[in-house]
Each structure stands twice: as C-alpha cells, then as structure tokens.
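All chains should be built: construct the whole structure from the sequences, respecting the hints.
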Amino acid sequence: MKFLSDKALERLREGADAPDLAGTRYRLLERVARGGMGVVYAAQDQMLERRVALKVLDVPTPDGDLALRLNREARVLARLEHPGIVPVHDVGTLADGRVFYAMKFVEGQRLDKHIESVHSLPDRLRLFLRICDAVAFAHARGVLHRDLKPANVMIGAFGEVLVMDWGLAKILRDSVPPEAPADPDATIIQAPNAQPNETDTARATAVTGHGTILGTPGYMSPEQARGDIAQLDQRSDIFSLGALLCFLAAAPSPQEAARSTWRKDKALDAICAKATAINPDDRYSSVSALSADVSRYLDGLPVTARRETVFEKVARFYRRYTVPILLIAAYLVMRVLLLIFSRR
Amino acid sequence: MNKILLGLLLGAVLGAIDGASAWFTPAVRTQLAGIIIGSTIKGVIAGIAIGFFARKVHSLLLGIVFGLAVGFVLAFIVAQMQHGYYLEIILPGSIVGMIVGYATQRYGAATAVPATSRQS
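Protein sequences, first through last, are from chains A and B.
Each residue of the first sequence is one higher than the one before, counting from 1 in the working numbering.
Each residue of the second sequence is one higher than the one before, counting from 1001 in the working numbering.
The hints are simulated quantities; they were obtained by calculation from the structure and are not laboratory data.
Hints may contain errors.
So, partial list: chain A residues that the calculated Cβ filter (under 8 Å) puts toward chain B [unchecked claim]:
#  : residue
1  : Thr322
2  : Val323
3  : Pro324
4  : Leu327
5  : Ile328
6  : Ala330
7  : Tyr331
8  : Met334
9  : Arg335
10 : Leu338
11 : Ile340
No experiment lies behind these values; they were computed from the predicted model shown.
Note that the Cβ used here is the ideal one computed from N, Cα and C, for glycine as well.
Encoded structure:
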C-alpha cells in the first residue's frame, strides 16, 4: 500500500477547501494568504478582466457571526475610500454558502518585509506618515482599525501604501448601522508564546462572545488588551501607530545605526514614548497630531513631545541649516584670512 | 518667491554686502561706492543666471556647483578689469555664488502650472 505524501495531502486539502465560484464573475487563480476569518485568493474578474483578491469565509454559514463580521468588514472598507485603504469592489455569497468580498489585488510586500530594503530613517518615517494619513482618514469617518501592525500594511509595487485587514475595525460614529453587534462584552485572549513561524493570524487571538476582538501583542493598546472596549477610541490606534513607529525607527543593525542616514535622536524616542503612553490621556489626541510631530521631526523642527535644551536647539539648527551655515562660515573665515594676509 | 526673483534679490544684497566689505581694505576705501555698485551688478547678473538654472535643474548639489562656477567667472572678469586683487575678488565672489545657488534651489518656488493644463 502506498501512502500519499504530506505535500500531496496538502494539495488535496487545498483543492477541497477551494471556494466554488460558479455563478460569480470570478475565476479562481491561486490561494494568496490565510486571514483571521478565512482565506484570501487571487481571482480574475471576468467581466472587467482584472485581477482581484477574494476574501472568502472558512465556514458556509451566511448568517453566522463570522459571516456578519466579514460583511461588516466589507462595509467598513466601502465607506473608507482613500488611496491608503484597500478598496472593496463586491460582496456576496458563494454557491457553497460561504460569504466573500472582492477587493483590489495588491501586488507588493508587507511593511515588515519591505523595510528590509529601506535603509534610511527619513524614508521609513515618510512611509509612516502615509500610514497615518489613511488611519486619520478612517478616524475622521468614525472607524477605528484596532489591529495596526507591520503585517497589516502593504507597500505596492509602485510605492503605494495600503492599510489592510479592517476585520477588527470598530465603528465609533455610525451613519449606517453595522450589521454585526458592537463588542461591549468582548474579552481578549492572547496566544501565548507565539512561534516565530506562526502566521500573524495565529499570533493574533480570537475570542467569540457578543463580539470578537483580535489583537497582536506589542501593538495592542493596554486598554484594548484589558478588554476595556467601551474606553476604546482613536488613542488606541495611536498606541498601535506608536508601536509601529518604534518598529520602523529601530535600526536593522548596528552598522545601519552608525550610518548618517540613520540619525535617530531623543526627539524621535519622545514621539514614540508619547504615542505609546500607558495612559491614553498622555498620548497624542489625534493621529494628525502624531503625524504633525513626525513631520516636524523630519523637517528638523522642535517636536511637541519633548522640550529641548539650548544645546539641543543649537544642534538641531545646525543640522537643519548645515549647508548655508558652512557656506557663510567659509565666506567669513575667508574674508578674515584675506584681511590678515593683506595687512602683513 | 520664484527662483529668478529670489536669485536676483539675493545676488544684489549679497553682492552689495560683499562689495561693502572692501571697506576693511584701506587701499580701496576711496573707491568704495564704485565697488559696491559694481559688486551689486555682478551679484544681480549671477543671481539671474543661477535663478534660471535653478528653474531648469532641480538639484541642490548642481545648483551650488553652478553658483560657484558663475560666481567664479564673473569675479574673474571683474578682477581682470581691475588688474589685481584676484584672490580678494574671486574667492568671495565664488562663495557668494554658491550661497545664491543653494538658496535658489532650496527656497525658490517652482513655477506654478496653470490649472487648465493640469486638468488636461
């Protein structure tokens, strides 16, 4: 008797799990990733002749909690039309009863992979500012992301920055009532000691009850980790953004840290610390305030997160105006030398 | 402020200041007014040339190098006309050119594109 190999078994399992797209405008291409609630597939939209990503629920229960959540995620995305947020194209139920939604197929890399090739701190901070733009937009529309982390940010092939995975989004102000109930009683279970090779989904944790909260340790605000759902507001996302900023600002190696393009100082540390303060009241009041402080840092201006000493002010001024200061100093020194030599 | 105007004004001001620094050389103090006027005109010419360059080429380094070249050439011509004071004229003139080159690239505003052409 001959046994099937693990690889063959895996292929069979994937085939059996593949969604039945009969009756839809989509043709299945390949499996892309596994998410919290289901699987993301690449598919061909045969009407518009373009590649799309289909997020398909694992279980064929169109009325279950997960289906409601997937529908809700699609609706949240639909109300967030922004260049930094992946657009949703379609939502529906497959012949096999599984709920799905179609979204833009993003070809690119996750932020944590992408930054391995970004060796300049200012470039990384500029990426961060674009993430902030998308999150600030969502907040302005009354939506909290609640799971901001490097794995949920995609950098497209042309440098576009897209905030993904709004499955945990919470609607603060709702002009259109969400289908799924809010999460007043939700609690959090964290996956202990996540293995390095685990997927982010596995690292994130799920609890069901009246609602579902997923979160990623290290990026989740303390109030979110406590399950203090009623207290969650945009400052919870600001905490996650602060953690993301710390992640981006960390030099990949001591050699990189020594490079002139990696000049990280106390001001940036202060911004990280203020954004990730334990007490929400100590954090930035809005994402715009956080991104404004990072912009000021990039422009060589004083940041609100830290009061600097006179020496630091001088050093910052010199860093900002190095070229003109050196040129004017060269002019003055040269003038003085010419005077001295002409009088001899 | 657009780059040519910025180059012109900065060239004029720095040229005048540079010319006025001749006051520290007692031998030429009697000709100070002429030196200031000449230096200002030199600065204006250099500033306009650097401003035009900045409008075409968007590079801080090239702007500084071009400023150095223009400042050097104009100062050299002036020194030739003076038959002397080469160092005293060329060195400051070149550095002033570099400063104007830097400033036009860094602070000069790009020419605005008309709204109609942006739509098309």
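Hint-by-hint comparison with the structure:
1. Violation of the interface hint for Thr322(A) is found here, the shortest Cβ-Cβ separation to chain B being roughly 11 Å, above the 8 Å cut-off.
2. The beta carbon of Val323(A) is positioned within 8 Å of a beta carbon in chain B (closest approach about 6 Å), and the interface hint is therefore held.
3. Because the closest C-beta pair between Pro324(A) and chain B is about 6 Å apart, less than 8 Å, the hint holds.
4. This hint holds: Leu327(A) has a C-beta 5 Å from the nearest C-beta of chain B, less than the 8 Å allowed.
5. At its closest, the beta carbon of Ile328(A) sits 7 Å from a beta carbon of chain B; the interface hint therefore holds under the 8 Å criterion.
6. Hint status for Ala330(A): holds, given a least beta-carbon distance of 6 Å to chain B, under 8 Å.
7. Hint on Tyr331(A) holds. Least Cβ distance to chain B is approximately 4 Å, under the 8 Å limit.
8. Because the closest C-beta pair between Met334(A) and chain B is about 5 Å apart, less than 8 Å, the hint holds.
9. Checking Arg335(A) against chain B by beta carbon gives a least distance of about 6 Å; that is within 8 Å, so the hint holds.
10. At a threshold of 8 Å, the smallest CB-CB gap from Leu338(A) to chain B is about 6 Å, leaving the interface hint in force.
11. Proximity of Ile340(A) to chain B is violated relative to the hint, the smallest CB-CB distance being about 11 Å (cut-off 8 Å).
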